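S.K.: Letter by letter, the chains look like this.
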Amino acid sequence: MDFKKFLTIALKDIRVLFQDRATLMIILVAPFALTLVLGAAFGGISTGNDSPIKDIPVVVVNHDQGAMLATQALNFGERLADALQHVGGLLRVEVLADEEQARARVRDGRAAAAVLIPADFSQALNPTNPAFGDARIKLTLFRDAGSAISADIVSAVVRQIVNGFTNADVAIYAAGKANANPLFLITQASAVAQDVATRSQSGDAPITVTTAQTTPGQSGPGFNLLAFFAPSMAVFFLNFAMAFGVVTILEEKDNGTLQRLIVSPTRRMTILAGKLGGTYVSGVIQIFLLIVATSLVGPLLGSKTPIWGTNVPALVVLTLCVVAGALGLGTILAAVARTRQQASIYASAGLILMGIVGGSFFASGDRPPMGIASQLTVNYWATSAYARLSQTNDLMSVLPNMAALLAIFIVCFGAGVYLFNRRLDV
Amino acid sequence: MTPIIEIHNLKKRYAPNAESREGNLAVKGINLDIERGEIFSLLGPNGAGKTTTISMMSGLLTPTEGDVIIDGHSIVKEPIEVKKRIGVVPQEIALYPELSARGNLEFFGKMYGLSGADLARRCDEVLEFIGLKDRQRERIDTFSGGMKRRVNIGVGLLHRPLVVFMDEPTVGVDPQSRRSILDAVKELNRQGMTVLYTTHYMEEAEELSDRVGIIDHGELIACGKEGDLIQQVGEKDAILLKIGEKAAEALEIVRRVPGIDSATFEDGDDGKVRALAGRGRRALPAVLKALDDSGFLPQSIEVIEPNLESVFLHLTGRALRD
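As they're listed, the protein sequences go chains Z and B. Each residue of the first sequence is one higher than the last, beginning at 11 in our numbering. Each residue of the second sequence is one higher than the last, beginning at 4 in our numbering.
The set of hints was computed from the structure by calculation and includes no laboratory data. The structure presented is a predicted model; accordingly, all values stated were derived computationally and were not measured. Heads up, a few of these hints could be off.
[As the list claims (entries may be wrong)] Pair ranges (Cβ atoms, derived):
| id | chain 1 | residue 1 | chain 2 | residue 2 | range |
| --- | --- | --- | --- | --- | --- |
| 1 | Z | Ala359 | B | Arg193 | 52 to 60 Å |
| 2 | Z | Arg25 | B | Arg193 | 34 to 42 Å |
| 3 | Z | Ala32 | B | Gly175 | 22 to 30 Å |
| 4 | Z | Ala32 | B | Ser147 | 58 to 66 Å |
| 5 | B | Glu68 | Z | Met11 | 28 to 36 Å |
| 6 | Z | Ala417 | B | Thr65 | 28 to 36 Å |
| 7 | B | Arg124 | Z | Gln29 | 46 to 54 Å |
| 8 | Z | Met11 | B | Lys80 | 15 to 23 Å |
| 9 | Z | Ala32 | B | Asn34 | 49 to 57 Å |
No residue lacks a Cβ here, since even glycine has one placed at the ideal position from N, Cα and C.
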């Protein structure tokens, strides 16, 4: 392949693309504007997680030594953890042994809260314990400041369960006393319950739930809507730019300039490579311009964390893979068409569908919104990769996404180039 | 001397489609040599196979059979070497509308391997030749049709080709621009370029060509100098005389004039006599004298010498423009 001619063709296409105002509106202005509009419309561009009110991640560290109730060995800590598991799918509980590891999970944003159960939890709740009613145990809830609502939900559930334990204990205590004195239940149980209630309200209950939380801004970032919409819109419009960039091959055939290139002493693969290379570079430039623009605007709109993350080399590598995937997709969409008009129709319909299926318009975290169908789209793999990279700043965390994007590129691009090469026999 | 272009049994069959199960045989085996430095016109009606022939010769289409040797290089086996030596001026405007005239020349110049100072100089020369030096920085989409045609031609000449293929370059062009294009072709030939010029305009072929090839339904049905072709088909000069009344009597008088081979009434007009003669201009005075002696005064007189149109008509039974 003649590299000088390849470069000439590619640079000409890049220059023509970026000189065309209508094209710039589509590839730069539209995604930028949509990012701002959608981010503002969904209420709070900056942190505040609360989109998935199910499967809230919680870690539990159970130091509870247990207690003997009559002849029964009980571990209320285990029962608390078990109860948290069965709150109708609301929480996703993981039990850890190490408290520091649990706190680290919260700081990293991988858990909304950590429930730290003290060693004497069961003892405090043991109604046969002579000190029952006098023991004061503090159960610690370590919350993620960046996931306020999720942490609140966890806190509410924990308190309810603990209160339930306390109330049950009162009943057992009262029943125990009743065994000794049948009148106790009538004359004293209500007084005991009243006493426990009073102590709870005054903060003097046997079990109190205390909270600590991560320092705002230093915790896991939670969910940042701008960090979702900026890449999702960038990728959505990138797909269009790539497809329409490839369609220019058919446009050149209609205009006769493709034929001019073919009758020049230039190999057909050089022509094709130049056209596709120019489209690829245009896509990379497009994404980086959007990254810069949204990064500059993000803090002005209240985004407390860099919406694309801080690992620039990783961002570059990921972007190269994203644009490759988009180019592959654009190539096959354009190559299956026989005419420019047909290609435009296929590309528009296909890419809008992929945007919807791939989750470009609604956040779903790491989960593909439509299962396998989403995983066939560049949109899903690219958007989730950018979101994860912005949180972890770790290129390794998006390796599966990059692999998927490169696989899409290889398959689609290969098939598309084969079809185009046949079409070059004009 | 070895011809600069040798065409050997060139054929092209297009892929089968709904209209043709076997595929259309657009070019049916053309054999032709073109000498270095000549202007050769390929004359034929629309759909005759001219563009398909040029497309195969320029490497745009792959021949189904046969080969084209240009300056000793085969288009089938050495397409890149051939393309270095040829320039192509397509029938349709093939330029980038977003680029300027100079931008188009520079871009395509690079595709032909030109660069640096040589490219700049050559662009200046071509812009001068096509008369657009003062508008070189303006975008093509601001140009008139004639101006675009000139740039279209300029791109084909940039790399100083040995041979230039011009595929109907004057179609849809105003008379002034047409004149400029024809003059440019002659100038290029004067500079030593071999020109293969396709057209369905007989007048262009007659004005420009050293030799003419007549193509119809994918076959080269005649080839040679214009005069030789006319003589080959035996076409005679026609003298047309509008007589009016008593035209039958006038017809008999004309038939008896020495030098007149035959005389009939013109098709569909009994008042008009068509007389054929080997040399119409020589026979005309005798015809007029004979009519005058008998008291006839023709209302109009016309001498039509045979041309390529009549050669085509003779060979195919159809007019070039049918």
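S.K.: Are the hints correct? Go through all of them and say.
M.R.: Here is how each hint holds up against the structure:
Checking the proposed 52 to 60 Å range against alanine 359 (chain Z) and arginine 193 (chain B) shows it holds: the Cβ atoms sit about 57 Å from each other. For the pair arginine 25 (chain Z) and arginine 193 (chain B), the beta carbons lie near 38 Å from each other, so the given range of 34 to 42 Å is met. Checked against the hint of 22 to 30 Å, the pair alanine 32 (chain Z) and glycine 175 (chain B) passes, with Cβ atoms roughly 29 Å apart. At about 24 Å, the CB distance of alanine 32 (chain Z) to serine 147 (chain B) disagrees with the hint of 58 to 66 Å.
Separation of glutamate 68 (chain B) from methionine 11 (chain Z) is about 30 Å and conforms to the stated range, judged on CB atoms against 28 to 36 Å. In this structure the hint that alanine 417 (chain Z) and threonine 65 (chain B) lie 28 to 36 Å apart at CB holds, the actual value being about 34 Å. Under the hint 46 to 54 Å, the C-beta atoms of arginine 124 (chain B) and glutamine 29 (chain Z), about 27 Å apart, miss the expected range. Distance hint check for methionine 11 (chain Z) and lysine 80 (chain B): the Cβ-Cβ separation is about 20 Å, which falls inside the suggested range of 15 to 23 Å.
For alanine 32 (chain Z) paired with asparagine 34 (chain B), a C-beta distance near 51 Å keeps the hint of 49 to 57 Å intact.
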